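Asks: Take the given structure of chain A and dock chain B to it, following the hints.
2 protein chains.
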Amino acid sequence: MIDREMQPRDIIRKKRDGAALSPEEIEFFVRGVTNGEFADYQATALLMAVLWRGMNEDEQRILTQAMLRSGETLDFSDVDLPKADKHSTGGVGDKTSLVIAPLAAAAGLCVPMISGRGLGHTGGTLDKLESIPGYRVRLSIAEFREVLQHVGFAMMGQTAEIAPADKKLYALRDATATVEAIPLIVASIMSKKLAAGLDVLVLDVKTGTGAFMREEARAKKLARALVQTGNACGVRTEALITDMNQPLGRAVGNALEVRECIEILRGEAHEGAGPVRELSLELTARMLRLAGVETTLEAGRMHARRVLESGAALESFRRNVEAQGGDARICDDPSRLFTSALREVQVESTRAGFITEIDAAEIGSAIGALGGGRAKVEDEIDPLVGYLAEVKHGDAVKEGDALGILHCRDEGQSAAVARLRAAYTIEDSSPAQSRTLIKDIITV
Amino acid sequence: MIDREMQPRDIIRKKRDGAALSPEEIEFFVRGVTNGEFADYQATALLMAVLWRGMNEDEQRILTQAMLRSGETLDFSDVDLPKADKHSTGGVGDKTSLVIAPLAAAAGLCVPMISGRGLGHTGGTLDKLESIPGYRVRLSIAEFREVLQHVGFAMMGQTAEIAPADKKLYALRDATATVEAIPLIVASIMSKKLAAGLDVLVLDVKTGTGAFMREEARAKKLARALVQTGNACGVRTEALITDMNQPLGRAVGNALEVRECIEILRGEAHEGAGPVRELSLELTARMLRLAGVETTLEAGRMHARRVLESGAALESFRRNVEAQGGDARICDDPSRLFTSALREVQVESTRAGFITEIDAAEIGSAIGALGGGRAKVEDEIDPLVGYLAEVKHGDAVKEGDALGILHCRDEGQSAAVARLRAAYTIEDSSPAQSRTLIKDIITV
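Quick mapping for you: the protein sequence lines, in order, are chains A and B. Last residue of the first sequence: 1471 in the working numbering, with the numbers rising by one and none dropped. Last residue of the second sequence: 1471 in the working numbering, with the numbers rising by one and none dropped.
If we strip away everything but chain A, and leave its shape as in the complex, we get:
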């Protein structure tokens, strides 16, 4: 047989039959998806075969690196500090980035944070930041670098130059029910994180009713693959498996979530924001240890707490808001986030009992439907709508007690109230097990 050039069909067949792809085949795929040598209809067949057959550690690393190389990388080697970042797989009320980035920067790390927007029931850091009047997340790389050097952390969205193969592949995955393939998730997350030239990465892999990975076993599998790939690519990486069976903290909705973060940074947080504070401190502590700023986790925890309590993290946040064009007065007066007054509607329990289950995704979707999130990427966000949870898993309620407070406009109010109420399961006896926020630690 005459030697043939590499053919998409043969690569698909190989993965279909469960074999490992060679580095050359994976690189041809990633390059071909971008330049058209690998047709979209061939790419999606391969994506489904990858979802079916998986990828081994080497394949996963090579896929990640090939996607990274499909675009430009940022070089912050001129910044003489450890480069560190945090990534969450997304949840409802998950706002720790807004606490961790200023906290880690104030503790001596350089945090070049490239974030995403919300989709479906989950929120996105960029949308939250944009609820700050004037705040710009669309920075040039030069501007991003300047903010980073000046403040210690900078926040922006992915640019067209970073890992363009990921953008193309994500659109194909989204259209073909192949988003869930772990090797593809890993390559998508890690290629973008690697583009920022990180030394350290901490991952928050959520599991539960409001998480992308509802089952804990799958969340752990994803976390292990992420941590393996990060370390194999030279980034010191750890992951926490955290509970997403209820919104994280009290606030769901963009401006409400920013306010909750400012209150944490100010040391004035509502008791319901406790888990956000706790998880932010823990993730920052792990960053500090991985970066070598502290040698033990306990020292990292003390360091993070000290910086938070000193007000240094708040000052770091204030400088970032100023540098990125936002109204920094929100740091002193978070009510400035609320540029118009919305209706506040109490969502009441229709019976007495204990909260045994909370459908966090349904809460996220109900707020999303009011404009707090997006069903499609092109949807507009209403930053002011949202929800403040008044009860959490295991709490006892009486009939008529507030489950939470909906912040809304006229439209869609009654449907939202009904969905929010239905998101809670209330039973006569208290749940057998209480929810632990941090369920596992994956260090490989």
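Keep in mind that the hints are not guaranteed to be accurate.
Just so you know, same-sequence chains aren't split out, so a pair can sit in one copy or run between any two.
As the list claims (entries may be wrong) - DMTMM-like, lysine to aspartate or glutamate: derived pairs with alpha carbons at most 20 Å apart:
#1 Lys1041 x Glu1052
#2 Lys1419 x Glu1384
#3 Lys1194 x Glu1405
#4 Lys1403 x Glu1207
#5 Lys1425 x Glu1454
#6 Lys1041 x Asp1201
#7 Lys1403 x Glu1032
#8 Lys1041 x Glu1242
#9 Lys1466 x Glu1325
#10 Lys1194 x Asp1067
#11 Lys1195 x Asp1067
#12 Lys1403 x Glu1064
#13 Lys1403 x Asp1037
#14 Lys1248 x Asp1044
#15 Lys1466 x Glu1384
#16 Lys1041 x Glu1051
Honestly, the hints are just simulated from the structure, not real lab data. Fair warning: this is a prediction, and the values are worked out from it, not measured in the lab.
Replies: Below, chain B alone, put in the same frame as chain A:
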């Protein structure tokens, strides 16, 4: 949640997760592939999911019927005879259609045979027929009907009007290594056969080194799915599982194969053509019984043999050649098929021993590479090149004995001889088992 319209992504997800698709979903898919509501890149992801997860009997029948309904159907209900056809999954030297069609027609059946072209190592009936000077396989439906009424059988290629969804899907399957998915094979074969309005269908499912399904277990699985689907769609269907571990009969190559068939019809066949004759008689006998012309298989066999030996099948073939524009003098003098003289080169054994394995696909590909077949659909056929096998599985050979005779032009001769020689495994002791032509009968 608002009820959404049917979405390709949801259908893909359902099959990805191993569930059965509803009739509406399958029909939406087949319609959508043709009209673009189901993008090609979504269709191929679903094809891979079908290859992975399979389809149950109902899904398979509905897919077949949806593909049938994507185009026009032929109506021969004005012909007052049972409509019967035979389909083979393809092999090397597999030429039984050219014997069965005239034989069945001479025995009182109406045989509207819609055939294909060769691709890869396998030949195609249309290519074989086109080696007859003047023979036209591109008939209008009106012409096809006329030949059928006049002769009792007619031969043509698939038209653009018959099962257009199959044409589109086949191209996508071919590009994405999803050709092998059994439900897709079944729907492709059966939708086209159903379009001809058959009462009876006999299937020849090949297994072995020259077959599409090399493994017997997979061939049986395919045969059962075909027979189930045929019967579920109202066509009385049976399948034989037959051996394709060596070329069927002596001749491989278009004109040589037509000559072998004429010799069988004339009762003058070479001993090496025995299996072609045997298999043609058996398949015809089963058609006669399924069609109710005979009530027992034994009576069907006697009937078929009698018609063949009487010369009536040869006369039927002659009338068809005339009706389809071919030079019918080939029926009396098959040497007229050979419009120019080719080189005849003996392929010699380099050692003494027994033929223990024959790579039939390699023989098919070697002749294909000389122009006897196609690597790509657009390749031109050279009808005169070919190969006459002189030995079969289990035969003893001496060093220098002819394994076969290659008919070729100058170009590619030595490469072809080397490939043909290498297709035979010759060992000191005779093979443990002899090859049985008919390995199993699938009637479900």
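Asks: Given identical chains, is Lys1425 near Glu1454, meaning Cα to Cα at most 20 Å, within a copy, between copies, both, or neither?
Replies: So Lys1425 and Glu1454 pass the 20 Å test inside one copy only (11 Å; across, 87 Å).
Asks: Quick one: Lys1419 to Glu1384, C-alpha cut-off 20 Å, is that within a copy, between copies, both, or neither?
Replies: Close inside one copy (9 Å), not across copies (72 Å); limit 20 Å.
Asks: One pair to classify: Lys1041 and Glu1242, alpha carbons no more than 20 Å apart. Within, between, both, or neither?
Replies: between (30 Å within a copy, 19 Å between copies)
Asks: Using 20 Å as the alpha-carbon threshold, which applies to Lys1403 and Asp1037: within, between, both, or neither?
Replies: Classified as between: cross-chain Cα gap 16 Å, same-chain 35 Å, threshold 20 Å.
Asks: How would you classify Lys1194 and Glu1405 at a CA-CA limit of 20 Å: within, between, both, or neither?
Replies: Classified as within: same-chain Cα gap 15 Å, cross-chain 36 Å, threshold 20 Å.
Asks: Since the copies are identical, ignore which copy is meant and state whether Lys1466 and Glu1384 lie within 20 Å (CA to CA) inside a copy, between copies, both or neither.
Replies: Within. Shortest intra-copy distance 17 Å satisfies the 20 Å Cα cut-off; inter-copy 60 Å does not.
Asks: As a check of your reading, is Lys1403 near Glu1207 (CA-CA no more than 20 Å) within one copy, between copies, both or neither?
Replies: within (18 Å within a copy, 36 Å between copies)
Asks: Evaluate Lys1194 and Asp1067 at a C-alpha cut-off of 20 Å and name the case that applies: within, between, both or neither.
Replies: both (13 Å within a copy, 19 Å between copies)
Asks: Within a copy, between copies, both or neither: which one fits Lys1466 and Glu1325 at a CA-CA cutoff of 20 Å?
Replies: within (18 Å within a copy, 73 Å between copies)
Asks: With identical chains, the pair Lys1041 and Glu1051 could be close in the same copy or across copies; at 20 Å between alpha carbons, which is it: within, between, both, or neither?
Replies: Classified as within: same-chain Cα gap 13 Å, cross-chain 33 Å, threshold 20 Å.
Asks: From the Cα coordinates, with 20 Å as the cut-off, is the pair Lys1403 and Glu1032 best called within, between, both, or neither?
Replies: Between copies only: 15 Å across, 39 Å inside.
Asks: I want to check one pair: Lys1248 and Asp1044. Are their C-alpha atoms no more than 20 Å apart within a copy, between two copies, both, or neither?
Replies: between (22 Å within a copy, 18 Å between copies)
When the structure is compared with the earlier hints, no violation turns up for any of them.
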